[in-house]
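Use these hints to put chain R onto chain C, whose structure you have.
2 protein chains.
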Amino acid sequence: MRWWGWGEEGRAPALGPAALSFLADTLEIAPRASPPVALSRVALAPSRLADATLARLREILGDGAVRADHGERVLHAAGKGYPDLVRLRAGSPDGAPDVVVLPGSAAEVAAVLALSARESLAVVPFGGGTSVVGGVAPLAGSHAGVICLDTARLDDVVALDAESRTVTVGAGLRAPALERELARHSLTLGHYPQSFEYVSLGGCAATRSAGQASSGYGAIERMVVGLRMTAPAGELVLAPLPASAAGPSLRQTLVGSEGTLGVITELALRVREAPRELIYEGVFFEDFAAGVQALRELAQHGATPDVARLSDRPETRMSLALAGSGGVRGALGRLYLGARGYRDGCLAIVGFEGEREEVAARRRRALAVMRAHDGLAVGRSPGEAWRHGRFAAPYLRDELLTRGVMVETLETATQWSNLLRLHRAVGEAIERALRDGGTPGLVMCHVSHLYETGASLYFTFVARQREDDPIEQWRAVKRAASDAIVAGGGTITHHHAVGRDHAPWMRDEVGDAGLSALRALKAELDPAGVMNPGKLLDD
Amino acid sequence: MRWWGWGEEGRAPALGPAALSFLADTLEIAPRASPPVALSRVALAPSRLADATLARLREILGDGAVRADHGERVLHAAGKGYPDLVRLRAGSPDGAPDVVVLPGSAAEVAAVLALSARESLAVVPFGGGTSVVGGVAPLAGSHAGVICLDTARLDDVVALDAESRTVTVGAGLRAPALERELARHSLTLGHYPQSFEYVSLGGCAATRSAGQASSGYGAIERMVVGLRMTAPAGELVLAPLPASAAGPSLRQTLVGSEGTLGVITELALRVREAPRELIYEGVFFEDFAAGVQALRELAQHGATPDVARLSDRPETRMSLALAGSGGVRGALGRLYLGARGYRDGCLAIVGFEGEREEVAARRRRALAVMRAHDGLAVGRSPGEAWRHGRFAAPYLRDELLTRGVMVETLETATQWSNLLRLHRAVGEAIERALRDGGTPGLVMCHVSHLYETGASLYFTFVARQREDDPIEQWRAVKRAASDAIVAGGGTITHHHAVGRDHAPWMRDEVGDAGLSALRALKAELDPAGVMNPGKLLDD
Chain C
0 MRWWGWGEEG RAPALGPAAL SFLADTLEIA PRASPPVALS RVALAPSRLA
50 DATLARLREI LGDGAVRADH GERVLHAAGK GYPDLVRLRA GSPDGAPDVV
100 VLPGSAAEVA AVLALSARES LAVVPFGGGT SVVGGVAPLA GSHAGVICLD
150 TARLDDVVAL DAESRTVTVG AGLRAPALER ELARHSLTLG HYPQSFEYVS
200 LGGCAATRSA GQASSGYGAI ERMVVGLRMT APAGELVLAP LPASAAGPSL
250 RQTLVGSEGT LGVITELALR VREAPRELIY EGVFFEDFAA GVQALRELAQ
300 HGATPDVARL SDRPETRMSL ALAGSGGVRG ALGRLYLGAR GYRDGCLAIV
350 GFEGEREEVA ARRRRALAVM RAHDGLAVGR SPGEAWRHGR FAAPYLRDEL
400 LTRGVMVETL ETATQWSNLL RLHRAVGEAI ERALRDGGTP GLVMCHVSHL
450 YETGASLYFT FVARQREDDP IEQWRAVKRA ASDAIVAGGG TITHHHAVGR
500 DHAPWMRDEV GDAGLSALRA LKAELDPAGV MNPGKLLDD
Chain R
0 MRWWGWGEEG RAPALGPAAL SFLADTLEIA PRASPPVALS RVALAPSRLA
50 DATLARLREI LGDGAVRADH GERVLHAAGK GYPDLVRLRA GSPDGAPDVV
100 VLPGSAAEVA AVLALSARES LAVVPFGGGT SVVGGVAPLA GSHAGVICLD
150 TARLDDVVAL DAESRTVTVG AGLRAPALER ELARHSLTLG HYPQSFEYVS
200 LGGCAATRSA GQASSGYGAI ERMVVGLRMT APAGELVLAP LPASAAGPSL
250 RQTLVGSEGT LGVITELALR VREAPRELIY EGVFFEDFAA GVQALRELAQ
300 HGATPDVARL SDRPETRMSL ALAGSGGVRG ALGRLYLGAR GYRDGCLAIV
350 GFEGEREEVA ARRRRALAVM RAHDGLAVGR SPGEAWRHGR FAAPYLRDEL
400 LTRGVMVETL ETATQWSNLL RLHRAVGEAI ERALRDGGTP GLVMCHVSHL
450 YETGASLYFT FVARQREDDP IEQWRAVKRA ASDAIVAGGG TITHHHAVGR
500 DHAPWMRDEV GDAGLSALRA LKAELDPAGV MNPGKLLDD
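Just so you know, the sequences run in chain order C and R.
Numbering-wise, numbering that gives the first Met the number 0 puts 488 at position 489 of the first sequence, and it's gapless, one number per residue.
Numbering-wise, numbering that gives the first Met the number 0 puts 240 at position 241 of the second sequence, and it's gapless, one number per residue.
One chain only, chain C, in its complex shape:
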């Protein structure tokens, strides 16, 4: 992956001239190109690790698995959040690990953790490195240095139990590699976060990731049936059981622990038969509220699409303006919608996957529900366009950054009865913060990840990047949005995790006693406090 952004070199740009002029008109962006600096110009402080420590790491892991060169340190210096990219592109990341290690087994992970505790070195677990909340920031906390523990070599498919529909994998295995392996057996995990192309499965579990198809397949927390975690205090081994009443769920305690308790080394995941039928289509609603009611009924009447996302008006407008990102394209399409009275409507994408007969029955019921809310089915082309571009946003972001545009996403979830209120409150908070910072912008949102009791809200905002202090510009908006989420009764994060960016709001989320409970758990499993300091719990 590009050290300063997403994807590999040589990918064609996604922003066409129409999109650029739309952005320029809307955001009053002066034409300005800010390409990233050259890799060699990225400034890092020298590694703080003693030679003896490096030598000891090489003894444990072998020479090739201990890397302290400039390139590796830069590659592991940050995740892929907006402030990460702004800093990286400017050649000044917020620190870098002193060394990157790539253990090849749980035993090697344990040895690294033991050394870290002994020498007071922070350990930052690193899977795909795709965190957008500072989850892999190389923070030393009170320690003398930072070891980045890259799980890339823990990438085995350990066992496939097709009868039980479970697969056991090393935590470092990437999602696409797993899907390729499963496809050979006509199986699928069905976990498609936007970061799909690069995420590790251990990272997904550690951060409670939810894929775009989570309405049907469930978030990763529903998929993890067993796991192994190497913590400084010992190894936790949870067998791949379908369910248990044996006390508090340790599975659901380790899932979401974000590297602060230990390193997930292995996972047993529930898989499903690969779908034989896939139908993705677009449905227009006259307004956002009508669409929300329709999605709610789908989720509450056993007709949930596997993918369901409803854009609000600004997002619908934007996606119609941006070619290739899921809109109803072309003058003809817009004319049609206008003629039917949906000119300023809201576009939903619904996707159904599974066996032919089951999909047909569910889809029939779903379309009936949506029609009852004046939903206008506009065919498969918007659905296919969305599917085609479902992983495109991070590439787009790189281009926007190059053009001096701030672009960020954030998300929450709440119960249905609170959804419209929270949508309004958070949207207004973001708009106000942007305006107050002197850079009025566009705020868009979609509902996705349906549950019977509520859903997620996913906000995107774009504005002219302030050249003087883009990080403080971003932070002010992030703070305003998070405060509004907490005040409005949403969760501080539905699927991006807590990391560094949301840690200040954990007290609002779980209260004093909840925080104390999580801290006690950490103190037990990580007595020296070396695991991913500064993340999750705001120390």
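Mixed in with the good hints there might be a few duds.
[Unchecked claim] If you anchor each label on the Cβ, the simulated ranges turn out as follows: (1) C/R117 x R/P526: 26 to 36 Å; (2) C/D435 x R/A158: 43 to 53 Å; (3) R/R355 x C/E162: 32 to 42 Å.
[What the hints assert, rightly or not] Sample of chain R residues lacking proximity to chain C, with all beta carbon distances greater than 10 Å (derived): (4) D62; (5) S119; (6) L520.
In case anyone wonders, no lab produced these hints; they're calculated from the structure.
Ideal Cβ positions, reconstructed from N, Cα and C, are used throughout, including at glycine.
Okay, now just chain R, sitting in the frame of chain C:
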């Protein structure tokens, strides 16, 4: 509820003459009637509480909510496990609480916990008192006495959010009362454990209860969207969010905590539309393995019945012998099965609930799957018989106890690929232990609670009760079964919880590091260790 058993006085006996002669023949039971002693003959040690403590409790709660009379102490002396009932009926329970308190608010609960910590008194939370694993045993641990904290007065329906399909209730509310209230709004929780008639919802959550319809509605852990727990260290308040990625799941940590961390005072539960269509029916399989394969495919192909239970041969034979408990009744029915080659087959009960069209579609697919495994649909009468008798087993148990029969159930869950192996291993272990104890018996089992990756196994065994030491007789079998479960890769409990009886196997379930993590959590939330000592964690 009867202090020595299940249900209220005056219920007609369920064991007919045919059933009795079947049992007598099979178990060589001498006709012996052992009725319970009179309540006045139940021997309790005097209350250990100082008068000043009782006075203080009365100040906090009011006179009527502090009870130390013989009758209340007996009623709260034990749960409803086999050893509990054996001891109670003999008039010698294994201790009793020194006082029973009935707080009316979370603040009153907090005041009781504060007093308990100060005066070193154990607190045993008590909901419906239906634990079958010693969960409400009045153990003092290292403390000076036992306060039984009965949640009966925390029985409000606090809020109904019909739009979000959630209801917020006091933890002491009984399941039937909630269903009555929900029915007024055409809603249902759908949680039907065998103990349905008496369970409190807080108790269900504290023990990870799974209802008989959990294949469709999910176990209680799927229903709890929010909760409040009063712990000695403070109150934990988790909002009714549909999902969150904000760190480890505290919800799933408090669910299943079995009163060892604090008292659940309030719950927000996901509810569903009351089903308009209910179809319960019987399907015969030629053997257990064929039935298991069919159930597995149902769960893995989106055709899961809401209720699904497949009896093995011994259980099928027994249920055909016992009138009114779910069999295909009558000579005609047996003749029919014999003629079709299913004389020694295995009976499955499948139940579908929901909207007419959805039920019809799902049932059609389910029947096709079962037919493909030579399942023979035998109509609705076995299904209706099962539904009619679904809560009858505890009444039956009382009658068997009166006739000198030991009857006990235990359960586990494992992945599909291990299910038949575990079924055999546990069944053999129970049979062997019964034989070794000189009381060969009948061991029966059914598969239920379907998941995509596995299912539960629910064993019932009956044997002649040994008069000399019935508790040791029971303990030997329980130990053998639990050892076999652990050795065979099952969970030590799928839905009965850990309590006192399964605590010795928690190390096998979660390992040393897992146990340490749970203990650390407890030490933080309950620093004086007063909450339900001797349960869950084997101290």
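How the hints compare with the structure:
| no. | hint | verdict |
| --- | --- | --- |
| 1 | C/R117 x R/P526: 26 to 36 Å | holds, 30 Å |
| 2 | C/D435 x R/A158: 43 to 53 Å | violated, 36 Å |
| 3 | R/R355 x C/E162: 32 to 42 Å | holds, 34 Å |
| 4 | D62 | holds, 31 Å |
| 5 | S119 | holds, 22 Å |
| 6 | L520 | violated, 6 Å |
When the structure is compared with the earlier hints, violations turn up for hints 2 and 6 and for no others.
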